[in-house]
Amino acid sequence: MYVAVKGGETAIANAHSLLADRRRGDRSVPALRLDQIVEQLALGVDRVMSEGSLYDRELAALAIVQARGDMIEAIFLVRAYRTTLPRFGYTRAIDTGAMRVERRVSATYKDLPGGQLLGPTFDYTHRLLDPELAAGADVAEPLQRETEAQAMPRVSAILAREGLIEPDGEMPGDRVPGDITREPLEFPMARDIRLQALSRGDEGFLLALGYSTQRGYARNHPFVGEIRIGEVELELDVPELPFAVPLGTVRVTECQMVNQFKGSAKAPPQFTRGYGLVFGQSERKAMAMALCDRALRATELGEDVVAAAQDEEFVISHSDNVQATGFVEHLKLPHYVDFQAELDLVRRMRAEYEARGNPTKIDEKREAAE
Amino acid sequence: MRGQEARDQAQRKVAMATLAQSSGDDIARLWDESGLPSEAELLRGPETGLVTLRGRIGGGGAPFNVGEATVTRATVRLPTGQIGHCYALGRDRQKAKLAAIADALWQDPARRNEVETRLIAPLQAALATAQEKRRAETAATKVDFFTMVRGED
Chain P
1 MYVAVKGGET AIANAHSLLA DRRRGDRSVP ALRLDQIVEQ LALGVDRVMS EGSLYDRELA
61 ALAIVQARGD MIEAIFLVRA YRTTLPRFGY TRAIDTGAMR VERRVSATYK DLPGGQLLGP
121 TFDYTHRLLD PELAAGADVA EPLQRETEAQ AMPRVSAILA REGLIEPDGE MPGDRVPGDI
181 TREPLEFPMA RDIRLQALSR GDEGFLLALG YSTQRGYARN HPFVGEIRIG EVELELDVPE
241 LPFAVPLGTV RVTECQMVNQ FKGSAKAPPQ FTRGYGLVFG QSERKAMAMA LCDRALRATE
301 LGEDVVAAAQ DEEFVISHSD NVQATGFVEH LKLPHYVDFQ AELDLVRRMR AEYEARGNPT
361 KIDEKREAAE
Chain R
1001 MRGQEARDQA QRKVAMATLA QSSGDDIARL WDESGLPSEA ELLRGPETGL VTLRGRIGGG
1061 GAPFNVGEAT VTRATVRLPT GQIGHCYALG RDRQKAKLAA IADALWQDPA RRNEVETRLI
1121 APLQAALATA QEKRRAETAA TKVDFFTMVR GED
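Taken in order, these protein sequences are the chains called P and R.
Residues 1 to 370, numbered by our numbering, are exactly what the first sequence covers, in order.
Residues 1001 to 1153, numbered by our numbering, are exactly what the second sequence covers, in order.
There could be a bad hint or two in this list.
[What the hints assert, rightly or not] Computed cross-link-like contacts, SDA-like style, restricted to lysine to any residue with a CA-CA straight-line distance of at most 20 Å: (1) Lys-1133/R to Val-139/P; (2) Lys-1133/R to Glu-39/P; (3) Lys-1142/R to Lys-332/P; (4) Lys-266/P to Val-305/P; (5) Lys-1013/R to Val-305/P; (6) Lys-1013/R to Ala-140/P; (7) Lys-1133/R to Val-238/P; (8) Lys-332/P to Ala-107/P; (9) Lys-110/P to Thr-1141/R; (10) Lys-1013/R to Gln-1124/R; (11) Lys-1133/R to Ser-1023/R; (12) Lys-1013/R to Leu-236/P; (13) Lys-1013/R to Glu-39/P; (14) Lys-6/P to Asp-338/P; (15) Lys-1013/R to Asp-1108/R; (16) Lys-1142/R to Leu-236/P; (17) Lys-262/P to Gly-302/P.
[As the list claims (entries may be wrong)] So the derived list for chain R, only partly shown, Cβ under 10 Å to chain P, looks like this: (18) Ala-1010; (19) Pro-1037; (20) Glu-1041; (21) Ala-1062; (22) Gly-1081; (23) His-1085; (24) Gly-1090; (25) Gln-1094; (26) Ala-1139.
Note that these hints are calculated values from the structure, not bench results.
The structure displayed is predicted, hence computed values, not measured ones.
For every residue, glycine included, the Cβ atom is placed at its ideal position computed from N, Cα and C.
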């Protein structure tokens, strides 16, 4: 039975105005502007875009402020906003080989066309807190180096020449890519749908699962074939124009994980691959995604499914942090009637238990004290 | 398709790409300086919606959906009859409207040169400068490997 109970409206309204006050904080401290967040908390903005599954920096910055810096709440806000907009269509597939590269490293080849470009990375920093940053010191302009523009083919293309690596993942020729925003999840799922779910999946969850594969749960000997970060152009086919209309550029991170593979009944010994593609500069997430993508291909490659990271239903059903937070956090909402029913049930079970001659623990303690 | 038509389409696409990548502020500032007319009838929008980005498995394999992006579009008709379109990432409605008018003016042979020299060329120059700066900054972080010689001989 559902019993409607009214009440709490004033408390709720007052709680929301208290939230607004605490969000603003000390009024003598200047309020944050969105452009400050976009420019100076750029990787936080990128995470909200990636897991909110919406590329729009200003909206992600607004969500971060509105959520007081709670990233999952910010991601929730962005997801909710998405549902209010009409859809114009699907872009043409981006070409990461033509990326305007801002960072590109490979752990498998030292010398490769285009070279190793470290870009704006935390790698090799000493991880010491910087008091000068706290004091607001000026920052020097970065150095520039004059070079000829060089083509930067994907490392996977270089490995492919030897024939020791599987090709880029193919799907049946006439397949229209599945879309989890249009159709409910069904298991087992095709790799294209899995990648869509992973790309918006929770970074922490995918990181932990990726880590588990390195520690021996579904070990698959990964190497970073390549990580590249940079801007790619987007094009959309529209009926009113005879050519694909250019929309502008977005920044993405791509990770090509290369995995040693002994071979199985289904595939010869070779290098297999996991793929990660994420909005913004999100290197850890792209790597975790690639590790999970590879682990989830266990069945396709004829491997035994023995670990959590290989269990598609487990991974994909729990990778979405908006769903996860919704279900966990709903537990704090009023369950008064449910709980009353359970209380009644436990009282009856306890009475029956005692009626069968079993003393309760409380009675035992009392007897011991006496 | 005849050669001239193909060249025109390619050039129009470059102009549209330039407008889509440029900031609304830059377009508005150049527009004010250009003296280009901005009278046009709005046939659609400006309106904001979503496009779904597609990537390819492994970089070059089968397509998959990555996530959505905001896009604002507008369609206008000039008093002289040309119809112009704009689709651009983001939610800048004023930019979409101006870019659609620029696309319509571009299709008017009497105006094309003006649009190219006063609007598209300066925007392209600004984009190229910014891109070249980023490329040079990235190039400064390129690793130059060298081999350590160990031992006496």
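Requested in this report: State the violated hints by number, sorted upward, taking the hints as numbered earlier in the document.
Outcome: 3, 5, 6, 7, 8, 13, 16, 19, 20, 22 and 25
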